[in-house]
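Visitor: Work the whole structure out from these sequences, hints included.
Residue numbers (the working numbering), protein chains in the order written: chain Z, 72 to 389; chain E, 72 to 389; chain L, 36 to 337; chain G, 36 to 337.
Hints are computed from structural coordinates only; laboratory data are not their basis. Among the clues, some could well be false.
Partial selection, computed: residues in chain G whose CB lies under 8 Å from chain E [stated by the list, open to error]:
#, residue
1, S136
2, M187
3, A213
Virtual Cβ for every residue (Gly too), placed ideally from N, Cα, C.
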Amino acid sequence: MAAELPKPRATREAYGDALLKLGGLHEDIVALDADLSGSTKSGKFGGAFPDRFFNVGIAEANMMNMAAGLAVGGKIPYASTFAVFATGRAFDQVRQSIAQPNLPVRICASHGGITVGEDGCSHQSVEDIGLMRMLPNMRVVVPADYNQAYAAVMESYVLPGPIYIRMGRPVVPPLYENTPSGLGSGADILRPGSDISLFACGIMAAKALAAADELKKRDISAEVVNISVLKPIDEETVVDSLSRTGCAVTAEEHSIIGGLGGAISQVASEHIPVRIGRLGLRDVFGKSGLPDQLLEEFHLTARHLAELSGLVLQSKGC
Amino acid sequence: MAAELPKPRATREAYGDALLKLGGLHEDIVALDADLSGSTKSGKFGGAFPDRFFNVGIAEANMMNMAAGLAVGGKIPYASTFAVFATGRAFDQVRQSIAQPNLPVRICASHGGITVGEDGCSHQSVEDIGLMRMLPNMRVVVPADYNQAYAAVMESYVLPGPIYIRMGRPVVPPLYENTPSGLGSGADILRPGSDISLFACGIMAAKALAAADELKKRDISAEVVNISVLKPIDEETVVDSLSRTGCAVTAEEHSIIGGLGGAISQVASEHIPVRIGRLGLRDVFGKSGLPDQLLEEFHLTARHLAELSGLVLQSKGC
Amino acid sequence: MLQSPKTRRGALGFFSERLSPLETQKLGKKANLLRRDIIRMVAAAGSGHPGGSLSAADIIAALYFRVLRQKPDDPRWPERDRFILSKGHAAPALYAALARSDFFPASDLVNLRKIDCHLQGHPDMHKTPGVEISSGSLGQGLSMSIGMALAMRLDRLPGHVYTLLGDGESQEGEVWEAAMAAAHFKLQNLTAIVDVNGLQIDGFTKDVMNVEPLVEKYTAFGWHSRAIDGHDMEEIIAALEWSRTIPGPAAIIAKTVKGKGVSFMENNAGWHGKAPSAREAEQALAELEGKKVPGEGEPVGR
Amino acid sequence: MLQSPKTRRGALGFFSERLSPLETQKLGKKANLLRRDIIRMVAAAGSGHPGGSLSAADIIAALYFRVLRQKPDDPRWPERDRFILSKGHAAPALYAALARSDFFPASDLVNLRKIDCHLQGHPDMHKTPGVEISSGSLGQGLSMSIGMALAMRLDRLPGHVYTLLGDGESQEGEVWEAAMAAAHFKLQNLTAIVDVNGLQIDGFTKDVMNVEPLVEKYTAFGWHSRAIDGHDMEEIIAALEWSRTIPGPAAIIAKTVKGKGVSFMENNAGWHGKAPSAREAEQALAELEGKKVPGEGEPVGR
Ligand SMILES: Cc1ncc(C[n+]2csc(CCOP(=O)(O)OP(=O)(O)O)c2C)c(N)n1
Ligand SMILES: Cc1ncc(C[n+]2csc(CCOP(=O)(O)OP(=O)(O)O)c2C)c(N)n1
Ligand SMILES: [Mg+2]
Ligand SMILES: [Mg+2]
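Guide: In structure tokens form, the structure reads like this:
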């Protein structure tokens, strides 16, 4: 499949493209941004539909509440800014005025994770998934590549309630050859396996495949599952996978607290207690550097994922 | 021990009393509030030390950043408001200006949980523990009664880095006969047992003891552990307890996502995979009602805790 | 303060001429009814916020019984005017106005804050008919109003959005983000009313965190803004009408008395969020009854 | 705009008389040096924010090379003045000023944003000597400055806090929470300087979200406030001195040009957060060199 794959593109580009497409299809779509419409790519919509685009300046709280008001007024608002500000700067607004009243606001944030790079820790969001997962009614989506991000945004239009979709800054290698019709249950088994489950989201899904390759050389059969919908998480697929493999490693460009690792740990300890290793930021903030340097520094590579898998396998069943 | 116990008091009262005491002992303590100094009890300090007390009005973001600035200026700031606003309304401020620079700001929030009562969901914080747990450097404390809250506040003065302490609105029955010298490791085995571990925090600790009584009638030996320090959590005590009992239930006045249940699930699935049931708000917001009615409605009672324990025991080892 | 009848005509021409003395009196009675409802509700609930509900009673009465075009039997009628209670803790005043406008039975009022009653401690748009948005966390209502006003403008709907804020609430920075944005977006269909009762929870606003001068602040943020007596029904109506004629957002800075109408509650921060005892409620009601025109019954609805 | 030498004396009496032409020229050269550093740093990093660093260069030069009382060999000297860069993305300008004031070697500058260099993309108080607070998330610096100014007042320290904000940043509501609070707390030892370069990321501030009139806004929020040309060294120094004489917080609204000094960057939103290529950097440096007094070397430190 690798040969025909499209070229690497950023998930935020998919947001821009899909939003533009949606805007042409649906009159009731409006978009908002907080002075980052070039980075988040919402500007494409803004250029095509200036009357339905509201740049609120650097005022994330106001943006989220305006989105809520627009939703009450019958619109389907797409609101974007960097992930760290979309979730943290306006948490109470999202909580009280979007999640609690269950309004169809789509928060499409860019610059999730540490691959933000040189801007450093203030701009690298490593808690956003955890923050959004804590909110009742909120659907939490982390696409793995351009095509999946495009599908996630297209699909979001018809879904009820509030949605958080996390996009990234850098180009990422393609994982899905074509644009899927939607995310389905949000848990795609990319490769079946029997010794260990690798649950990954975002850019880590591709790395999980690479890690599975490495593990294969050591005669370890790893099942790779791309979890694109972190909430509501597809418990059945997770539990099935764990019942086949008996242990797992999670991988995410996010804190090991509260994100994918937290979600899988909770599912496992409730339904099928097995050992879970969590790869992610080990409760630290990021720093400045090139994206790849940071991924290495914070152990978010296929190599580290394979290593951790080995450790988890050693203590499997202990 | 029940006979000599002091009368029920609210943990927020302990905050007011301890802060007043600390203020007399240490010149470098300052306190801030956001128009809730009567409710949080920071007003006691304000009355005694008006020069060191800053009421910023209804401006939680400004309060947290002012606290950061005061800390940079060599003060030990205690900042209080309702838990929902302390953590959610000012999350980015706490993240960027307190947690990341590791400043000794003590965020002492009142009105954690649903026992806020009649004010309803907008004022009932059921995500604050999860939010604060996500932040590197942040110590997260949930005292179980007046005496423990008093100890937590007194002890906080000498600890390094940022601290979040969650206080509650209603009076709660005493659990600790005397004021402990500190919280120790933050995991107190209130009652040893061998069949199941009950990990509880805040008002649920007392209910866990009552649940253990109920379970005893059914010949089930429950170990009750009061987790007052949710971060850094005392992994050793948790793992030891789980290795003795082989399963657990967590109980908290908080969402079952990301709080105590999340923390214990992560520890278990990393170190000692056993079945964990989580008692708490099942991913819903609160509502108006009397505190006790709400505890019943949301299943935060000793009875429900005992019931869930029974279910977990049934599938123990499955 | 009052302008001539001609210029006081609403932007859309549907306001009646200058209030007649009889109409003024009628609206005053409605406000008094809301006040009595507030006392009964909060006393029955055993908790709640009487002070800021009473200070807003005249403004809310003016809106619900004179200015707002709404259809109680069709609460989501697209052409309606919207009222947004940004200071959500004044829910009792809003609930009373909605009940007395027949959005739901007035008999519900005494179940305020009771478990399973739709009348939550703070307004919930999905539970209570007529509540446009959920509120309770201060400082968010004006921003939401902007969103609603923009949606209405996009849909060419004629309605106007009226948003009521507290003076303490105006300490929230988001209010000023919203103020800046409403002016930038030239929202002609938006009016902010600030209930300047001079008190917040911890004391006088000027002592806790001075928000004045509010007229100048709104002006500097690009609004048309004017000060009124928030208990003078003629001034209130005139200002609400004036605000619809402005080619941009308009701010009405309404000087009020917290706890207005109940002697022992007036100007007393202690009554911000405390329910009166049965005896206190009786005294409050007696005082309010005294202000009622003798012989007046308890009218239900308009 | 300039006042007489007598009234321009700083509050604490340590300001010199009116700037001599020579001193003005010297400060101008320092600003030029900072500009060249900024270009070199951002070009070497391959990313960063030249536009808002260049617009602030004169203000930051005035502060670091004339106004601030600091001890580079004792960065935490309690009596020092504090400079807070609320618009943290202008870190290159701050780092250059710190290096040229000997807080750390100027040779570090080219390692801006490189992994393991202390010069983070946004200021980190624990990594870089002389950085007073960490910033990067906009809108928080003025609030932190209030905390610092209060701490200094409690400790009876003589220092003054100068905080630099962006005009786009002034859209954050927290800035207005802070403005309200600083006036309420009567902070005499606090000066806010707004770098009004008229641009933010998405375009002209007046188009994206108009923040003007800023002088009136600060005045309505209880500050003394005045407008200056943020590239006129005499006006900058005069305003900074004036601000120390005010019995409360003072705001300096500095009109600037984003990208100032580099023709192709001036007034161009595209250069907010983009590094020049090697060729572009060369051209920029040549332009800036041209503005240098011929024969001048590259001075290090004051
Ligand atoms: C964000 C937020 N912070 C704090 C509170 C708690 N609170 C409820 S009412 C109130 C005082 C409000 O004062 P004001 O706006 O003047 O209202 P009024 O005097 O009209 O009652 C406060 C601080 C809240 N509801 N929301
Ligand atoms: C809270 C927050 N939101 C968004 C950003 C992203 N951001 C960085 S710089 C900038 C524009 C700043 O404009 P301005 O304050 O005018 O700065 P200047 O023109 O001086 O560079 C934005 C939106 C941020 N750093 N912080
Ligand atoms: Mg008030
Ligand atoms: Mg600017």
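Visitor: A closest beta-carbon separation below 8 Å is what the hint needs, so does A213/G meet it against chain E?
Guide: Hint on A213/G: holds, closest Cβ of chain E at ~5 Å, below 8 Å.
Visitor: For the hint on M187/G, does the least C-beta distance to chain E fall short of 8 Å?
Guide: With a closest approach of 6 Å, the M187/G hint holds.
Visitor: Would the hint on S136/G stand, with a C-beta cut-off of 8 Å toward chain E?
Guide: violated, 20 Å
The structure shown violates just one earlier hint, number 1.
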